[in-house]
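As you go down the protein sequences, you meet chains A and B in turn.
For the first sequence, the UniProt record's numbering gives the first residue as 1, with consecutive numbering after it.
For the second sequence, the UniProt record's numbering gives the first residue as 1, with consecutive numbering after it.
One or more of the hints may lead you astray.
To be verified - The calculated DMTMM-like cross-link candidates involving lysine to aspartate or glutamate, where the alpha carbons are at most 25 Å apart (straight line), are:
1) A:Lys411 with A:Glu382
2) B:Lys127 with A:Asp896
3) A:Lys548 with A:Asp570
4) A:Lys148 with A:Glu167
5) A:Lys898 with B:Glu44
6) A:Lys281 with A:Glu415
7) B:Lys72 with A:Glu879
8) A:Lys898 with B:Asp122
9) B:Lys127 with A:Glu879
10) B:Lys72 with A:Asp769
11) A:Lys898 with B:Asp35
No wet-lab data here; the hints were simulated from the structure.
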Amino acid sequence: MRELVEVHSGYIYLTSQEGYLLATSTNAPLLTNSSTRPNLIMAVDTEEPIIRMGARWLEKVYGNKLTPGQIVQVENAKLGDQQYYIDSFFLNLKRLPIVGVIIIPRRYIMGKVDERAFKTLVILISASLCILVIGCVCILILTNGVSKEMKLRAELISHLDARRRAEASNNYKSQFLANMSHELRTPMAAVIGLLDILICDDCLTNEQYATVTQIRKCSTALLRLLNNILDLSKVESGKLVLEDAEFDLGRELEGLIDMFSVQCINHNVEAVLDLSDDMPKLVRGDSARVVQIFANLISNSIKFTTTGHIILRGWCENFNTFNDARFHLDQKKMRCAPKPKLRQQGNHTKKAWKKDNKMILWFEIDDTGCGIDPGKWESVFESFEQADPSTTRLHGGTGLGLCIVRTLVNKMGGEIKVEKKNGSGTLMRLYLLLNTPADGADLHCQVDFHSQNIVVLLALYGSMGRVVMSQWLHKIGLTTSGVSDWNELTQVLRKLFHARRRENGFDVNCSLNEPLKSEVRNIEDMKDPVFIIVVDIGLLDLSTDIWKEQINFLDKFSGKAKFAWMLNHDTSNAIKMELRKKGHLLMVNKPLYKAKMIHILETVVKEKDLEHQKQSPDAARAKTKDGDMHECLEIDSTHFDTASSEESDMAEMGKSNSPSTFHLREKRRETEKMATESQCQSFKKCLVELANVDAESREDPCQIRPNLPSTQYGKDMPVCNKQAPFSTQNESSKHEERISESSSHKEQGNSYSSKAGNLDGLRILLAEDTPVLQRVATIMLEKMGAKVIAVGDGLQAVEALNCIPSEKDFKRESPGDDGERGLQTDIQDSPRYDLVLMDCQMPKMDGYEATKAIRKSESGTGFHIPIVALTAHAMSSDEAKCLEVGMDAYLTKPIDYKLMVSTILSLTKRTA
Amino acid sequence: MEVGQMQRAWVEYTRSLFREGFLDAQFQQLQLLQDESNPDFVAEVVSLFFEDSERLLADLTFVLEQQNIDFKKVDAHVHQFKGSSSSIGAQRVKNDCIAFRNFCEEQNIEGCLRCLQQVKQDYYLVKSKLEALIRLEQQIVAAGGSIPMEELSS
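Pulled out of the complex, with its shape left as it was, chain A reads as follows (with noise of 0.2 Å):
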């Protein structure tokens, strides 16, 4: 057996079942000497070591219960310090079963495995623990980096929302003060407007006087202040919208001129106006808009200049030049829409374009003022600069005014910039896109006066007015001269009008200077010119009393020449008067423009012509009479300032209500209307009593300002009732009556005094039987304003009411009509009475009866006037009878008045 196992150094025994050691394969013995016989050892007592271990473990662990057929595998066993691998196994002989067993050191089998297990283990422990490590650094890494971009992320995105809310917020701000423009311009115009009512007060002292102008001119400030402010933050927020409408182009410059030159003449200042003969007569685009920007600049211009001259000229250039020039330079630069349709245009510019040709208008505004800094000269567009920080100080302004044109001259198509001009002052130069109408024909009037002989003597004082006027009457050909004082003037005259006789010619010779010496040689050789004199009226010597002398003077040449005076805004009345006494009717206001002088021109060809026993053509007569309109217009220049954002309102609203614009053309309806229907039928008495209109009109400037305020207010401010009282001081008042009245009612004391003036201006008729209800009613309404009609049963309410067709006849004799005057179309359409108040219970017709009755008389027409019962009965069935025969509303006996107000207010409201 030894062999068997010795390979592996194991050992084998097989003992029986009791454990008795039967054979082993060691040299152990096997039987013991005991005193009697040799015994059998058991497997546990055995002298080998290893087997008695390997039996004693198997007995420890399985006992002595080696039952036959166990078989017992154990694989590590510890015997001594040894692993060991213990088989039994079982020999069921019949009559001795053996039980062997194995026992084989674990080394030989597995101990390599044993040994390297552990090394093994190890290694994957930590191999493990590395991986886990590793996993979890880089897990981290991870989640750092992810980090880090969310946080970029986030960051990112609360930056965009930052930056869209700030946006936002701006554009709010822009369109809440674009929204609010409106609400923040009524009470400044309310102020503005009481203001004027107050200067216009008699009763003022020279101190309040003098307080309440400057108040005014404050509040005019801050208006105009607000205008500029809303106008740039309407642009900004785009609300800004040019409106289209055809218009003349030259008459808006004139009357800003005009406007302007009152300033001018106070700051010593000539404002000139030359435009170009070829610049389009009408023009589309936004009126406003373009004398706004006009208006800015020239006031600029004002501002800074003190001495010397503001010229405006205007030319025009056609599309197609302008393109071929500047289409590919300043591409770029055009700013807006017009863009696109340019490169379109700039193929089809001369084809029959039937709609509209675009014409290029250039405009420059040059002064000799302080000047601009050549660095600035961009940077004074921006808003809220100014060339100079001591600016705002010396001149006010807030230095918006150049950023609003140049938003405005550039959403109209062009572009504006400083120029370099020789000599000191300031050269600005822009270029509008406008279209003007198909029917181009309408260019200025190409004025000839070559086939006339006429000589025209400018005696004024601005040299570049003089110089600008006779170089275009040169090129209309007229001959012409010009002088610049009163010693000149008398010498040319002489000389003019005794060279024929050769009186003192010598003299008179030495005097003039060259240039005049050669104009006048020229005129002398003339053939029988008619001589037209335009004297500026501060030749005269107006300090003393030599004007009248010099009037006198020129007396001696009335004969042989017609006189032009250029007068001033404030010309007092006695020189006018002086003037006329003298037979020098035509008078026009400085400046003196093309349009004055072409009318000059025309009124003095037309009266030779009429001395030529020639009559004078009525559309000729009526073109003249809108000269004379137009040349008479004194617009007080106070309100120029507030020519702009408002206009464009109210543009919007569908109404041109600007005040500078709409006074324009209001005025000039208003004296055409004067003119036609109550004037002249020759030109002289036009011109005279137009020259009164306007005497008048300058003299007294508060009659000027309750014609604004009304035709302002009437229009700007329908809400606010308590404009009423302007009303009632003009005569051409356009108001309803509702309005003159509640000023009339408002000196009724009441002790309702919240509701003071609530029912004002309703004329309410009370149909109630009852004295003592009639009388309380009565009272009670007219308390609150109304005027009450009482009558005391159905049949007379509803002939009250049936008078109303009639109305319309009898407008003008009805005693209740009052509070009208002329003009106002309004009555007709308004019934006598704003509401009935009818009584149900009344003898003859009770209130049923009556309002059926009127209710039928009113089916043909369109009024349905409202009518309120009164009842003692409140049920129900009551309502709906009331109801049934047309009444509007019931109040029960006895009356709670409040209720009674109430009621009425909510009808007339509805109805008004």
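With the hints as your guide, set chain B onto chain A.
This is chain B only, laid out in the frame that chain A set:
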């Protein structure tokens, strides 16, 4: 009496009239309507009321004395009387009128006659009261004081 005393008397008297149901809130409204521009408003209205009422009562008496009573007419008169008395605030009279009308509808002659008596009684009562009030007011005004309306609301 001096002005203050008279004013106090006036206030007390007016309050009593309200308390006893002779006048109601409507009268107060009328009083409020009186001011500098209508200084005699209340007196005016009251006298109008008296005139009107006399006429109405006379008419009523006449109609009810007839053989064939025309209840429609009676009704119309009573309606008017009710209207004017309610608008002046003569509460008792108004209530009587209401009762009167009911009897009218029933065509109850007895009831109507009784009501007429009642109405007349109450009317004369309120008339004398109002006359006294107006006299007091006139005295106050004559003495240079003003009628303390505002005290009534307290």
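Now the hints, each set against the structure:
Distance hint between lysine 411 (chain A) and glutamate 382 (chain A) is fulfilled; the C-alpha atoms sit about 16 Å from each other, no more than 25 Å. Restraint check for lysine 127 (chain B) and aspartate 896 (chain A): satisfied, since their Cα atoms lie roughly 24 Å apart, inside the 25 Å limit. Distance check on the hinted pair: lysine 548 (chain A) and aspartate 570 (chain A) sit about 18 Å apart at the alpha-carbon level, within 25 Å; holds. About 28 Å separates the Cα atoms of lysine 148 (chain A) and glutamate 167 (chain A), which puts this hinted pair outside 25 Å; it is violated.
Between lysine 898 (chain A) and glutamate 44 (chain B) the CA atoms are separated by roughly 22 Å; this keeps the pair inside 25 Å, and the hint holds. Distance restraint check for lysine 281 (chain A) and glutamate 415 (chain A): the Cα-Cα separation of roughly 22 Å lies within the 25 Å cut-off, and the hinted pair is therefore satisfied. Taken as a hint, the lysine 72 (chain B) and glutamate 879 (chain A) pair is honoured in the structure, with Cα atoms around 22 Å apart against an allowance of 25 Å. With a CA separation close to 29 Å, the supplied pair lysine 898 (chain A) and aspartate 122 (chain B) exceeds the 25 Å bound.
Among the hinted pairs, lysine 127 (chain B) with glutamate 879 (chain A) is inconsistent with the structure: their alpha-carbon atoms are about 34 Å apart, more than 25 Å. At roughly 17 Å between alpha-carbon atoms, lysine 72 (chain B) and aspartate 769 (chain A) fall within 25 Å of each other, so this suggested pair holds. A C-alpha spacing of about 18 Å is found between lysine 898 (chain A) and aspartate 35 (chain B), which places the hinted pair at or below 25 Å, so the restraint holds.
When the structure is compared with the earlier hints, violations turn up for hints 4, 8 and 9 and for no others.
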